[in-house]
Amino acid sequence: MRPWIEKQRYLIDYTLAALARRKARNLGLLAVYALLVFMLASVSLFGQALRQEAAAVLADSPEVILQRLVAGRHDLIPPGYLEKIGRIRGVQHQQGRLWGYYYDPVSKANYTLLVPAAEAPAPGHLRLGATLARERGLQAGQPLSLRSYGGKLFTFTVDEVLPASSELISADLVLLGEADFRAFFDYPAGHYTDIALSVANPQEVRNVAAKLSAALPDARPILREEMRRTYASLLDWREGIALALLAAALLAFAILAWEKASGLSADERREIGILKAIGWETGDVLRMKLWEGLLISFSAFLLGLVGAYVHVFHFGARLFEPVLKGWAVLYPRFTLVPQLDGLQLFTLFFFTVVPYTAAVLVPIWRAAIIDPDAAMRG
Amino acid sequence: MIQLTDIHKAFNQGQHNEYWALSGIDLELEARRVTAFQGPSGSGKTSLLTIVGCLARPTRGRVRLHGEDISGLPERFLTEIRRRTFGFVFQQFNLIRGLSALDNVMLPAYPEGKPHAELLQRAEVLLARLQLGHRRHARVEWLSGGEQQRVAIARALINDPEVIIADEPTANLDTTLSKQFLAILEELSGEGRTVLLTSHDPLVIKSSAVHRVVGLRDGRLCGD
Amino acid sequence: MTRRPSARFGAFLAVLLLLFLSMLADARRLAPPRQQEQAARAALVQQLGLSDLALFTEARYTRHLSLADLHSPFQDHPLALDHFPSGSVVPPPPARLPHYAPLDRETTLPD
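Protein chains in written order, with this note's numbering: chain Z, 10 to 387; chain G, 855 to 1078; chain R, 48 to 158.
Just the calculated beta-carbon pair ranges, DEER-fashion:
| id | chain 1 | residue 1 | chain 2 | residue 2 | range |
| --- | --- | --- | --- | --- | --- |
| 1 | G | Gly896 | Z | Arg11 | 47 to 55 Å |
| 2 | Z | Trp336 | R | Gln83 | 31 to 39 Å |
| 3 | R | Leu65 | G | Ala992 | 29 to 37 Å |
| 4 | Z | Gly89 | R | Gln83 | 41 to 49 Å |
| 5 | Z | Trp374 | G | Gln867 | 22 to 30 Å |
No lab work stands behind these hints: they were computed from the structure.
Everything numeric in this text was worked out from a predicted model, so none of it was measured.
Ideal placement from N, C-alpha and C gives every residue a C-beta, glycine not left out.
Produce the entire structure from the sequences given, and follow the hints as far as they go.
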């Protein structure tokens, strides 16, 4: 065992000494490679944590939301709808919801105005999402004036700013009472935005949805399962950003492999010839190169992964903010629960370490069958 | 010690440019002697050395080392025999550029996996013996021709081989350095090593360090 | 005497592995308090009956992606690239695809 370890150490000594000959180039390679792993790992960690977050947080959203569609567009629920639903078996509870969008010209941002089903603020009072409050510089107790779409100015008092830790779901929320909501939007009495339903038996949700569709042909039930599935492929590998990164990474590997395969220089071939002439086996040459590939790619993997972890879980994935924020003004500050599962780490490891090592090894395989007497022939 | 029986060596066999470098060599090489192969270029000297040194296999014929037929051994065993029995000093020295003299000297011992301290000490002793102790950390391309050859000799000796094979050792050296080389040669032979070399340098052929001269022409022997 | 390259690299690798292990330790340390925050968010979602993350506030249909009406997001085709960058991060809600499928078939058939 000991000679084996010592031999591997010698092979590593040689490959490192050989790499050190072109220190700047090889350190540059390591840096670029680590950066590549960093980007891929950032997308992977961030996507996974965000999907887990969506699944965990939206686990208790309404079981069914019923919308009414008119001419393909979302329309108000007229009076009498709620009563029709009450007659459908399996529906345990139904609740008309009031919510809508408001564009604030002051902050140039879109807000979501919502009437909570329970503990709604008193007339003339509001509760605000923390992102929105920060953007407008508001604190509890201060007044907020909003001009309604009808042109009337409404002034409210901010009762409370929702906790900063909830920004991911409440960034743009304005919670207000039903009377204020109807007055602000000129919302017709007895109408609702949509209906939230709960179903007695969770197994029955699909049946209930089918019954709802049959009883109310202009209604569109949206199941909780569908809402959650919406976010299940958030930042998945098939999505644009990840795909673009993946394609770039694959391209980089392809270029690297091509460079390695075709660019096996006369010098390198000569060196392999010499090593074989002075007593190295073909296997020794291959093992030496295998070490080169493993050492570089493993270092790059660790550097990139740790960097990505710090980026995603300590710096809030700041590099992705411009992409996720898009044209929006409000962007929540949020921290995600660190997720590092073995399969994910293994997948990253596999897709970063193996291709590079193979790219290093494959051309050497061809060169390693050089006859050792080549060294003798100059 | 080494017996060659009816050695033939062909290049590009079966193609239109087929060429027989050696055609029927029968030779016995004694241990602890310095044997020089002499002949014009293209006479097959180098091909003969590659076959003796297990760098290449004969197309036909047998090579016996200590009475054992080694011409049919698989690559792994042949490499092991080459590494342990032969040390090579190539005409172009064939050192690995960019590595230090010390690293170059230790290279042939790497596959053996001996303890590092032991190997390092042996390499330092060899370099010191060849008056290169002060240059051991220099990259080999910064050394002069004579120094490079001495590094190559130290490398050939690192595995303590029985046989040293040198191909045109004085081709790139001036008279002073050539004489220095012959002195080293005598020393090696005095240690009981077998030395095989090729040369067409009269300084080497006529030297008292060389015990036997074998003539070659067109791939055949032509008189001792 | 200078140290062997393998020894120096070993030290470098040891530092990297230490970083990797401290990353795992850090993840364990961070998880419980952040899970509590997450539970608070889940409670708020239940209390207010929310259906979506407030990640993309740029437009109605990206703010409430799962509730958007059939025709606003991904207007030309469910798989067409969206005007907003969000479209490159989330695909159209899967529940909407079956609604599109018949429309899609109709448009590919020449009338």
